[in-house]
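**Student:** The residues making up each chain are set out below.
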Amino acid sequence: MNRLKTLFDTKKEPILSVYFTAGYPNLDSTVDIAAELEKSGADFIEIGFPYSDPVADGPVIQESSQVALKNGMTLELLFEQLKELRKRVSIPVLLMGYFNPVLQYGVEKFCASATEAGVDGVIVPDLPMYEYEEMYCNCFDKYNLSNIFLVTPQTSEERIRKIDGLSNGFIYLLSSSATTGKNLDVSASTEEYFGRIKNMNLKNPTMIGFGISDKQTFDKASEYTRGAIVGSAFVKMLGTGDDYLGKIAAFVKSIKS
Amino acid sequence: MNYHVNEKGYYGDFGGAYIPEMLYPNVEELRSKYLEIMHEPGFQEEFQQLLKDYVGRPSPLFLAERLSERYGANIYLKREDLNHTGAHKINNTIGQILVAQRLGKKRIIAETGAGQHGVATATVCALKGLECVVYMGEIDIERQAPNVARMKMMGAKVVPATSGSKTLKDATNEAMRDWINNPVDTHYIIGSVVGPHPYPDMVARFQSIISEETRWQLKEKTGSESPDYVLACVGGGSNAAGMFYHFLDDANAKLVAVEAAGKGVDSGESAATTMLGKEGVLHGSRSILMQTADGQVIEPYSISAGLDYPGIGPQHAHLYKVKRAEYVSITDDEAMQAGRLLAQLEGIIPAIESSHALAQLEKMTFKANETVVVCLSGRGDKDLATYMKYFNL
Ligand SMILES: Cc1ncc(COP(=O)(O)O)c(C=O)c1O
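Residue numbers (numbering that gives the first Met the number 0), protein chains in the order written: chain U, 0 to 256; chain D, 0 to 392.
For the record, the hints were derived by calculation from the structure and aren't laboratory data.
All values reported here derive from a predicted model rather than from experimental measurement.
Take the hints with a grain of salt, since some may be wrong.
Said to hold, decoys possible - From the structure, some residues in chain D lie toward chain U, with a derived Cβ separation under 7 Å:
{"no.": "1", "residue": "Met0"}
{"no.": "2", "residue": "His3"}
{"no.": "3", "residue": "Asn5"}
{"no.": "4", "residue": "Ile179"}
{"no.": "5", "residue": "Gly279"}
{"no.": "6", "residue": "Asp293"}
Note that CB positions come from ideal geometry on N, CA and C, so glycine has one too.
Bound-form chain D, shown alone (with noise of 0.2 Å):
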């Protein structure tokens, strides 16, 4: 079975390019040369001297100990929290600079929901004296002022998205508004596995490094290199992306891929999207989407900015269809509680976002000695007010 895209920018039944013709020159472009770009010897060098050297890769692959005796199996965590900027985010926007410069783009625009993605494509831009504009939902910019603050910091031009619901999705909207209306020396850095193709396919193969690691990683540990459970959350889906990326034709390891159910899959207020969502086209590509009966996308929500995002990406509808990962959701309350397990049992606070597939630890049963790696996609600093604010601290 092949899990990735095809020639025609097709994940089975889902990805494709579903762009207006004013977009079609950028994305073309970028379709026809980003593979040889990435392959470039000189890009890569760079690109792996950044990650190491500024990024600070590999991250480590880390055996929780407490946790794997409550759970009874040997539990590791991939520290994607340990990088620059606190989350896997930054892997992408590394790698979609050096895109962009070869390409010959003067100026950056992106779209963030928690601002981890702003705030990682701010840092590249000032690394790189590039001209950087954020687009983040009105609501967003409220509720996470300290991303904010540390994109300004970095000299990006955050531009409100007053639009719609003035979320994740309507920033995204307004980011493609943008690049319509820059057709010639802007680049867009999406930050997950979405958009038209080729997005999902480039964003995934930058976030690979994840999957690439934790393989030497456990080898070295276990002499292993093939775990037993793969988990991941999945907000557009780009951390389990490359989570999963190098471990997809191997077939001990079962994926798990763990979304936002928010107040529970029921309520009308969750971002559980392959419970509740149908196929459906947003943002430049065929997927999973929630949505009306009439194809107005619905508003999903999650205590976790991150995980609030009405879609996945394509190649996640698509290992889903197939059945190549389990998808299942994780609560607001099961999200919180878990996070704070980990702080108490191992010092890390995680992102509300990784807390959901800590979360689902909870409930699974284990045979003795089986290896369990989680993404643990990034550090709790940015959710500290949301933590406070939940037990009371």
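Chain U with its partners taken away, still in its complex shape (with noise of 0.2 Å):
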């Protein structure tokens, strides 16, 4: 069975997902980051291929993007390293980035590396639903893979239905419309979303994410949905010096105590 699934169905506590940039802040730092984030407690991890033109980020995504295309980092050479994923990493691992990245390696091939590299779901925020119903559920299916959507604010209440029936993993709520790193702001209209999406009582569970960087965000995310997710505050960290792998346990047990 999907690890996902497996997740969602057995965890009690809220679920916590770290988020880092392949290739930064080494190129051959993926693999240890996610080894090293398992063993500190992280529930999943969403492993971003980067891409030259990333428009929904902030800058700390941006800059790590950069800095992974400059150190070499490929879908190509991605696959390769996470050729030892399944030997250091049992916890649902997840792959996000761009759609022309994957465009170009074959979304066919994309989908069969990615489940040959136990990959569980994808995260594509630019490939739309029209686009996957229409081109690419197939292929995502037959390789078991789930595609993971996004809902903001905004997301019509008919949208959000649809986008439940094509999801098998999870939906990810946007805390607001915003590119990634900017700060969660809890104000009373996001605590109505959250609790608009609480009440549609959808099929699939609900992760929060963008704007969640410690424990405070994360905790009032997971009063409404099953947890969240971290990137920039974690890709940030993982900028600020060469002992990076030495400071995610503590980084991780700030977030998840």
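Since each chain comes alone in its own frame, lean on the hints to assemble the complex.
**Tutor:** Here is the structure:
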């Protein structure tokens, strides 16, 4: 069974997912960071494959993507690195990135390589629902990969229902319509939005991402959903010095204690 | 053959709306309303009035006699350079500001490379009293100082794009990020026939006034509304899309789209997208894109900032693929020479973008009495510093 489904079916406590960019800060740091995250208590991880034009990302992930590309990261190389992944990591792993690198690699080949590496799902923010349904859904299904969709406070109820129908993993709720790396600002309207989604009783579990950076925002998000995703705050920490692997345990603990 | 967008937002294999969910509500609002808004009598009346009294349309169709003599054909120039603000870009910004108003938007954002689209956007925002923020690559801000000053003079805020390569592609990324972060009251005026559906179609419709006028002007001047050749330069492709629009179904009219070869198609410093690109997705649409084998976008190069873009609009990708138009490329040097030639034969200093279209004439052979229309997309005032440096003036 899909590791992601098992996790959501069995875990009682709030779930923490951590995002980082493959090839950052060093070209070969990808699997080491993943292994260290598992050891430190992360429940699943999202590995970003870098793109030259990440329009949904703020400065921190833009910077990590540029450094990763400069370091020489490519999808080809990432899949090579991920051959080690399942020897050291057993929690669910998602790949996250923009559509063009996937298109060039070949969508079917991408799905095949991902499954072979033991990847459980994919988040491609700029692959919209219509194109996914028409052209690529069969391929994701064939390789048993979950495709994760995003929802924002502006997404209509009708569309959320449609997304729920197409999803098979979890639904990624954005804390606000924003690029990555902004701080979650829990206003009355965000609470209204989280509450509204919760009351929809969707068939898929939900996780909140974008703007989750510490224990306070993680706990707040977990009141409404199964848990939350930390990205920019973790990537920022990775960029603060050579002993980044040593700092991962403390980082995870500071959020999920 | 259908050359226009279908109900799914595609031109053959190209187009679509490859956008993150954060942009979906705005793009969907626009998609569901743009045609209805554009067809409202009140909209049409205001649009036509502004084109006439503010932009100065119809732009003349000028028979360039000395140029015609040199090339042995009847060469007409469609004078978009005479528009207010000096280029075709304003046809689109007038249209889009009226759409934005009808959508109840209060704040306008835009990207710009050379600054022509930024100026045209700042202009209509001043005209309508809307807040205006223009994203421009840090490098382009330095290269195009007069246009930055024009935007500021009209009250626009010019924000440097400091990410990536700090040019047009990155300014577009920043504008899209702004739109993601301002999901409710902001309209993004895209400056070319690029971006997610419905932008390529909406911008082409606003620019189609170019060929609409050209047809009746030709009829008036030559007795026939159908030319043998229609030429235009292609950055993202908006002046070409407008120049081709009403000729797409005219089998007699051969369409020629001119890309920027920069220092040469194989020099590594080029913007000849159809020659160097492959199918890909950038800025919300599936088209032809200059990119690495790994799908990273390659930074293009052209002496002309307006053609310095790694993609082309999806309709162009389609016209290229089905061979309705011929896509060719012109180097920096060829364009600069053609610019000076027009200045000296006709007393018109063209934008370096437009000089690329003119340079193609040098490579063509015509039969006697053939009729050729070249879109003179803009005037060369903004490029004087480049011409001065190049020719040691
Ligand atoms: C005068 C002129 N012509 C052409 C272009 C290229 O744009 P497009 O291909 O959208 O017409 C520009 C862009 O800045 C321009 O200023």
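**Student:** Please flag the earlier hints that this structure goes against, numbers listed from lowest up.
**Tutor:** Of the numbered hints, 1, 2, 3 do not hold.
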